[in-house]
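Asker: Start from the sequences and build out the full structure, keeping to the hints where you can.
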Amino acid sequence: MESQLPKNQVDTSKGKTSILIVDDRLDKLLAMRTVLEGLDQDLVCVRSGNEALRELLKQDFAVILLDVNMPEMDGFETATLIRKRQRSETTPIIFVSAVNDAETHVSLGYSLGAVDYILTPIVPEILRAKVAVFVDLFRKTEKVKRQAQENARLIQEQAARVEAEAARERLAFLAEAGSELAGSLDYEQIFESLNRLIVPNFADYCFIDQVDEIGRLRRVADSRKAGMVGHLRANANCDASDIPSLVSERVLASKKPELRNQSYVPLIGEGSGPESSEHQGFGEEFHYLAIPLSTRGSVIGVVFMVRTDKHHPFSAAQLSLAEELALRVALALENASLYSAAHRAREEAEAANKAKDRFLAVLSHELRTPLTPVITSIVNLEGDENLSEETRQTLLVMRRNVELEARLIDDLLDLTRVGSGKVSLSWETVNVHCLLKNALEICRPDIEAKELSLVTEFDQNEIFVAGDPARLQQMFWNIIRNATKFTSEGTIQVSTSSKDKMFQVEVSDTGMGIEPELLDRIFLPFEQSESGLFGGLGLGLTITKALVDLHNGHIHVKSNGKDQGATFILQFPIADAPAASLLTSQATPATDEMLPLRILIVEDHADTNEALQLLLTMRGYHVLSALNVKSALALAETNVIDVLISDLGLPDGNAGQTMELVESLYGATGIALSGYGMEEDKERSRKFGFSHHLVKPVEVTRLDSILSDLSHRAGSMRSLAESELTSPVQ
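Per the numbering used here, residue 79 is the first one in the sequence shown, and the count goes up by one each step.
Simulated from the structure, these hints should not be mistaken for laboratory data. None of these values were measured; they are calculated from a predicted model. Here a beta-carbon is modelled for each residue, glycine too, at the ideal position from N, C-alpha and C. Warning: the hint list may mix true and false statements.
[Stated by the list, open to error] Simulated DEER-style distance windows between Cβ atoms:
1) Lys434 x Thr716: 28 to 38 Å
2) Tyr265 x Gly731: 43 to 53 Å
3) Leu474 x Val440: 54 to 64 Å
4) Val533 x Asn464: 34 to 44 Å
5) Leu602 x Glu526: 23 to 33 Å
Answerer: As structure tokens, this is what we get:
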């Protein structure tokens, strides 16, 4: 006659156990059910703590997956009630939560007897592995209960209590292990945690060997119970490999655990004197357990544990527990490996990014340097009044193309700055119409060359915005130049308006237009209509949009399609007008008198040096030149210098040495020249004491403006000094 199962006991003879899943969200229940269906067990899904308690009255479960955050009764309250019921007080509970609060939720969960605390999103393989262990443990427990029941009720009850106590200890051990191992992503800390878990609670000795890069085992940790000394040897006279190493090699080869009780091999003490004789008996009879650390089918290490008390051998349950522990350790090591790989990848990416930035900076320097003597020589030639109109037009074409080359280099560097977040803005409150007019003047020669009509309709009000003047002008120049570039005939219209505290610029053209499928991509890098038919790199609009965003503005484009023209609209927040005192020049009163400045040029590129010297001499300045720091210092010691124009990178030193000398002796002003135009390069020139930083190829009009201002100031200071000397004494 078939034996009757007690009420609530699960019949596992058919190979299936029950798993209780508790979550108030239907989608999460479905997700976990899908993950666990592969275990081929009975899955019971409920949506509240009360329903879970009712199910526990009907049957026992191998494991409970319990959501922490539920309405009415949360997971912790449910777990407390589950633990108060005798039949479910040892049921493994795995908390599942999206709340990553290790100090509060995790510790509270483990204090309620939970075996694990999983954060979502859940890794399916890990969840199945964890649940499978407890399903297996549940089957074994139920089998023991059933066998004990068939023999005798009293024996069954005693065995159940013993098994329950053992299970509680195992679960507590696994809970502690899970908490300990999950707390680190460092190999050494994981091994230290494992040693603390095993010795002295689980074994007297623990040796951990890890597989190195070439497949050999390397001892990475060992620990022993207090009072235990010595190493396990094959026999008293053996000086070859120790027993842990021999067993680890076998486990590495077989990929299976090895358990042996009552091994009669002596433990040889550290010393050979009488003081070590008391320890000789520890190894006369010992038990060992070696577990492979496996992940993704490969053994990455071996844990070797030893008990020296002959009355406490390792059991099959402890073997199972050790395997579960090894699984957790392997997962922790794999996580540490992934973290280390990610960290290395991030460092490599950062190093590659820095190398890229450095490469672009060096490339720009090498590309810019030869352009300076070219454009300077062209400017010198343009000053010749005897040039024919044909020659003058040729020089104009040459100059325009050299300036375009410099602009392309600037676009590449600007794209790099935008991508790395290194754009530095010098914020001011500026009259935006002035900047827009400047941009129009820069573009006017190209508009006139294509015989296009230019129509401007500006708001009558004086409007101010907060931003970087140079960058704002660059945006306007990019948009107007873009309209000119793609318009072969017709009109360019630039209009401004203000509404709702926003300033708006509209640049419209009658050019080739933009096809609908390109409108969404027009601000992406290297996007161009007609496959780049009109030249350029396709970076101007990308850089413009990035700069507009940095100024808290908006930009968008409208077009009715091909050959229908386009309209770009830029909007910026309007700023309050600055105080009148800030609009008034604080400079020294203007004077028509200009002193011929005494200028020292320090530039190791001979062609650039010669071209600059000729340019400034033709403008009436007294010019000295040097090719290196040594020559510059010698000239500065014997000649009065008003202005130092120097390259930053020189073969025998840096420009700061010369700048420091001429500033201390004569109070000279410094103008730095460099092929590097990144923000850190400008900061470097400021640290050297330079007041201005010009990027090669030198913008001659900018250099003329700086020198003219310095010359006027020098003349004003002389006039002021002379007036003070001739004033009658009161």
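Asker: Now tell me if each hint is right for this structure.
Answerer: These are the hints, each one checked on the structure:
1. The beta-carbon spacing between Lys434 and Thr716, approximately 45 Å, falls outside the hinted interval of 28 to 38 Å.
2. A hinted range of 43 to 53 Å holds for the C-beta pair Tyr265 and Gly731, which are about 48 Å apart.
3. Hint check: Leu474 to Val440, Cβ distance near 31 Å, so the stated range 54 to 64 Å is violated.
4. Hint check: Val533 to Asn464, Cβ distance near 39 Å, so the stated range 34 to 44 Å holds.
5. At about 32 Å, the CB distance of Leu602 to Glu526 agrees with the hint of 23 to 33 Å.
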